[in-house]
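J.: Spelled out, the chains give:
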Amino acid sequence: MDREILKNILRILTLTCDQAAQLMSQMQDKPLKKPEQWALSFHLLICRLCRKYNRQLKLLRSIFTRMADSHTYEDAVPPLLDPGQSKAFKDRLSKNIRKNLDSM
Amino acid sequence: MSNPDESVKNARHNIDKLVSRHAEALYSYALMRVQKKDLAEDMVQETLLAALKSWEKFAGDSSERTWLIGILRHKILDFFRQHHDREQMDDETWRAEYFDRKRHWKDKMVNWKTNPAALAENNEFWKILQDCLKELSQVMAKAFVMRELEGLSSEQVCKHLEISQTNLWVRLHRARLQLRRCLEINWFA
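Protein chains in written order, with numbering that gives the first Met the number 0: chain W, 0 to 103; chain P, 0 to 188.
Wrong hints could be hidden among the right ones.
Below 30 Å or equal to it, Euclidean Cα-Cα: the simulated DSBU-like pairs (lysine-lysine) are [to be verified]:
1. 74/P / 89/W
2. 158/P / 57/W
3. 56/P / 32/W
4. 16/P / 126/P
5. 158/P / 94/W
Footprint (simulated), chain W over chain P, 3 or more residues, beta carbon under 8 Å [claimed, not checked]:
6. 13-25
7. 36-49
8. 92-101
9. 133-142
10. 169-182
Over 10 Å on every C-beta distance to chain P, these chain W residues come out as not near it, computed from the model [as the list claims (entries may be wrong)]:
11. 4
12. 7
13. 9
14. 12
15. 28
16. 32
17. 37
18. 45
19. 59
20. 60
21. 85
Honestly, the hints are just simulated from the structure, not real lab data. Idealized CB from N, CA, C, for every residue including glycine.
This is chain W alone, in the form it adopts within the complex (with noise of 0.2 Å):
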């Protein structure tokens, strides 16, 4: 048998999840090449946990896509993080700026 068909059919067999997790990181980034691909296909099947990490990414990727976005909105206000602090936070910009322009 050629070689490089043996290369892969052992890779198919032989992926672990530590190998699993880096294939599923990368599919977020660039599609795999065709090998693989086979080989993540196979250990997704038999392996519960992986199938869970690569759920868990997709998830990610949508919240994240939704957070990032969430500030352009002209009127969304994203929580301060610091809350109580909103308004010594405020001021203490109006004021450092004012100072900023003054020094002008």
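For chain W, the structure is supplied; the task is to place chain P on it using the hints.
T.: Okay, now just chain P, sitting in the frame of chain W:
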């Protein structure tokens, strides 16, 4: 409008309005990306200053918010480029953190029951995510923020940070593993 005194006067007039409308959103945008409060606040201040100084250039063909985010985004990406640190990450130590000797998962992995839309609006979740991002090393955080939050392509990130594709993938892979674990422990479990 060509009189500089005049435009400074106009700018002063706009300060409170701009601050109250946008400062919080700009701050949380910056903080999510640079993970340091002082730095985030400085960036917001610089952004608003830059906006006030060039107020006449704001054409109004985009929203104020979009315009301001554009300026801020520029500052963040500049910061990322200027401070690129080359951190060596030992392969084996790192792998042993997540995988056992048979290369199986060490983590249990609970089921994440969630709705992404609701989560993105949940203040508590934002805080947890922010804490988790803060835990990442600078090297990982930058790559991750540019790719996932700024939505740049992997080619763009590589070019901006002057790193190879392989290097980027390693960074992203590790960042994802670490974030997954952190979010699971602090939120989903």
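J.: Confirm or reject: residue 9/W is not an interface residue toward chain P, with every Cβ-Cβ distance exceeding 10 Å.
T.: holds (15 Å)
J.: With a cut-off of 8 Å between beta carbons, are at least three residues of the region 36-49 of chain P near chain W?
T.: holds (count 6)
J.: Verify the coverage statement for the region 133-142 of chain P against chain W, using a C-beta to C-beta distance below 8 Å and requiring 3 or more qualifying residues.
T.: Since 0 is below three, the answer is violated.
J.: With d taken as the least Cβ-Cβ distance between residue 32/W and chain P, does d exceed 10 Å?
T.: holds (14 Å)
J.: Just want to verify: residue 12/W was marked as not at the interface with chain P; is every Cβ pair farther apart than 10 Å?
T.: holds (14 Å)
J.: A cut-off of 10 Å on Cβ-Cβ distance, and residue 7/W was said to be off the interface with chain P. Does that hold?
T.: holds (19 Å)
J.: According to the definition I'm using, a residue is off the interface if its beta carbon is farther than 10 Å from all beta carbons of the partner; does residue 28/W meet that for chain P?
T.: violated (5 Å)
J.: Measure nothing beyond the straight line between the CA atoms of residue 56/P and residue 32/W; if it is 30 Å or shorter, mark the hint as holding.
T.: violated (48 Å)
J.: Examine each Cβ of chain P, and state whether all of them lie more than 10 Å from the Cβ of residue 60/W.
T.: Violated, since 7 Å does not exceed 10 Å.
J.: Apply the coverage criterion to the region 169-182 of chain P and chain W: a residue qualifies when its Cβ sits closer than 8 Å to a Cβ of the chain, and three qualifying residues are needed.
T.: Since three or more residues must qualify, the claim that chain W covers the region 169-182 of chain P holds, with 7 doing so at under 8 Å.
J.: Run the distance test for residue 74/P versus residue 89/W: straight-line Cα separation, threshold 30 Å.
T.: holds (20 Å)
J.: So if I understand the rule, the pair passes when the alpha-carbon distance is 30 Å or less; does residue 158/P with residue 94/W pass?
T.: Given that 30 Å is the threshold and the Cα spacing comes to 38 Å, the pair is violated.
The structure fails hints 3, 5, 9, 15, 19, 20, 21 (numbered hints given earlier, in ascending order).
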